[in-house]
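Keeping the supplied structure of chain D fixed, place chain P upon it in accordance with the hints.
Okay, here's what each chain looks like letter by letter:
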Amino acid sequence: MKTLTALATLAALGLAGTAGAEIRIGATVSETGPAAFLGDPEAKTLKMMVEKLNAAGGINGEQIALTLYDDGGDPNKARTFATRLVEDDEVVAIIGGTTTGASMSIIPVAEDAEIPFISLAGAIEIIDPVKEWVFKTPHTDRMACQKIFEDMQAQGISKIGMISGTDGFGASMRAQCLEVVGDYGIEVLADESYGPTDADMTPQLTNIKNTAGVQAVLNPGFGQGPSVVTRNFRQLAIDLPLYQSHGVASKGFIDLAGPEAAEGVRLPGTALLVGDLLADDDPQKPVVTAYVEEYQAAYGEAPSTFGGYAHDAFAILVDALTRAGSAEPEAIRDAIEQTAGLAGTTGVVTMTPEDHLGFDLSAFRMLEIKDGAWTLVQ
Amino acid sequence: MTTKRVTLLILAIIVIASPFFFPSNYYYRVGSLIFVNGLAVTGMVILIGYAGQISLGHAGFAGIGGYACALAPVHLGLHPGLAAILGAAISGALAWAVGRPVLRLKGYYLAVATLGLGILVSMVLANEAWLTRGPDGIEVPDLGLNDLLEAVGIDLSNSQFWYFFSGLVLVIGAWVALNLYDSPTGRALRALHGSEIAARTVGIDVARLKLQAFVISAIYASLSGSLLALQNKFITPDVAGFMHSIEMVTMAVLGGVGSVLGAFFGATILTTLPQVLTVFQEYEQILLGLVMMLCMIFMREGLLPSILRALRGKDK
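Residue numbers (the numbering used here), protein chains in the order written: chain D, 1 to 378; chain P, 379 to 694.
Derived by calculation from the structure, the hints in this document are not laboratory data. All the given hints hold, so there is nothing to weed out.
Take a look, some chain P residues computed to stay more than 12 Å from chain D by CB distance: (1) T380; (2) L387; (3) V452; (4) G470; (5) G494; (6) G522; (7) L526; (8) T563; (9) G572; (10) E574; (11) I582; (12) A585; (13) E679; (14) L689.
Listed next, the in silico EDC-like pairs over lysine to aspartate or glutamate satisfying Cα-Cα at most 20 Å (straight line): (15) D:K131 to D:E328; (16) D:K131 to P:D520; (17) D:K131 to P:E517; (18) D:K47 to D:E294; (19) D:K52 to D:E62; (20) D:K52 to D:E301.
Cβ coordinates follow ideal geometry from the N, Cα and C atoms, glycine included.
This is chain D alone, in the form it adopts within the complex:
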């Protein structure tokens, strides 16, 4: 009996000890599986940032303990891991949901348990309508469409052809683009699609080429599809401007498509890709430069836009934890909602009760590929 009491006391002490010394946050991202190229940089970024923060003394003197799960891009697993984070690991906030499906599966868990959740996925449904406990860092697909159409409008383009991937990203962005295209007085004359693993898009592009009146081509999609489209586009010698989406805003795209084929391709991207080209007084410049340097030093490769989403999510959370001065989920949620003027890699974030994304179109930069490198379109 005595031993038992002693053990219980010891256990209680141990628990109290850990609870006082660390803030537990959880993450579930798609480190492996079909969305690994998104989830892998996200996981690496989170690990790197937690390590750095703890080495610097943590938040208000408390260390951060990160529990990271790999859901393999399976929404059902993402939900299970979210439940595990909430119920078993007793975290105070969740970052993750690499794909829209995974994020949407985590939302009911976060809402039920009243734990703040910062999503890393693109779709607008995640924050529209606004959900009390859900925030997100990436631009919505709709904003990418609007940015592209704005640029087209400025170029005097009013009739376009579209070729979209049928994967989640491409399908969702295509739908969003078609919804807002009318606002810019632009007409979609051809609307083609391709499977995410197709190796040749010449038939679809020929259809677009043969459609009279098309002034530019837009390709919503990510993964290898857009590079194939870009290559085929040049092979068919289609003499029109080609617009890609933010889904391919990484060096990998230029390498895969080849610098010659990618020459002149325009796409909306984040400040992350063009850190050194930003004006010196740009509030995002120091954040972006520091992140790129640290990531490069830690992993020996350039970070991608997607790692940037995780960077921003963690920065928002740390900022909120610091201001809240407490690790109660309720206090953290309120503090996240009051985030103001926080410069991230994606944009300068100012949250409100009506806006759980926190920035507008201006956060996007219109980029053009020249000689195999990114340039800013002024």
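Chain P in isolation, oriented as in the chain D frame:
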């Protein structure tokens, strides 16, 4: 006879007693996933274990069941519970339409046909975005049963409710499957599993029986898909994916495809494994393949029957 009672008793005890050992609510979630998978695998027992047929596309039926719960309430105004039944009916009808011509042939043609069917269903779910909202998935309305329980004073968390509800459905599913086993149909099925020619000569309508087993197992898969969609309140085309079909077969084969309890055992192992070995996510598919190969080579009856035999010390 006694096996039936023993099996049901064991299942019921597992469902009711396990929560006493749960350190947190999270284990209810894992438990309910085991029961949901267990239900689908019970269907596989009827198809593989009783009728000796293989299906590589049962996730397609789970997809139909799941999406029925998402779509029917919105478009047809059906209650989600009724939508699950509608999904089961559609799955059954589809299985019948596909199985009828295929199952007249001898051999494993069903595997090929269902392989195509499963991929087709998952492609339709992913590509027909106007209806299914595409690969990003779609919300599923609440079943509303938990609120009803709350109104009569039984206050369960969401995870707890789904644990007990899926457990109940699994026990009912097992009961039906076990009854089938002892029925004339079940005997006939086992006869044709043993030797199709012998079964035919004693006057068994082989094609019709196989078709029955296929349709019933499709309904099981469909209901498991519905249960999953309803408890997640969200569903994506992943549920109908090829790997999910393979998982179902592996669970059944691993645990022991001849017995309901064995299949449940297989579902338990393969559902909890990824949770225990979270670091091995990358190798999960390799592990699945390895487990299936080893089972086929060393324990052709599955884990549970092989262990039981070893315990009894019986020779062959």
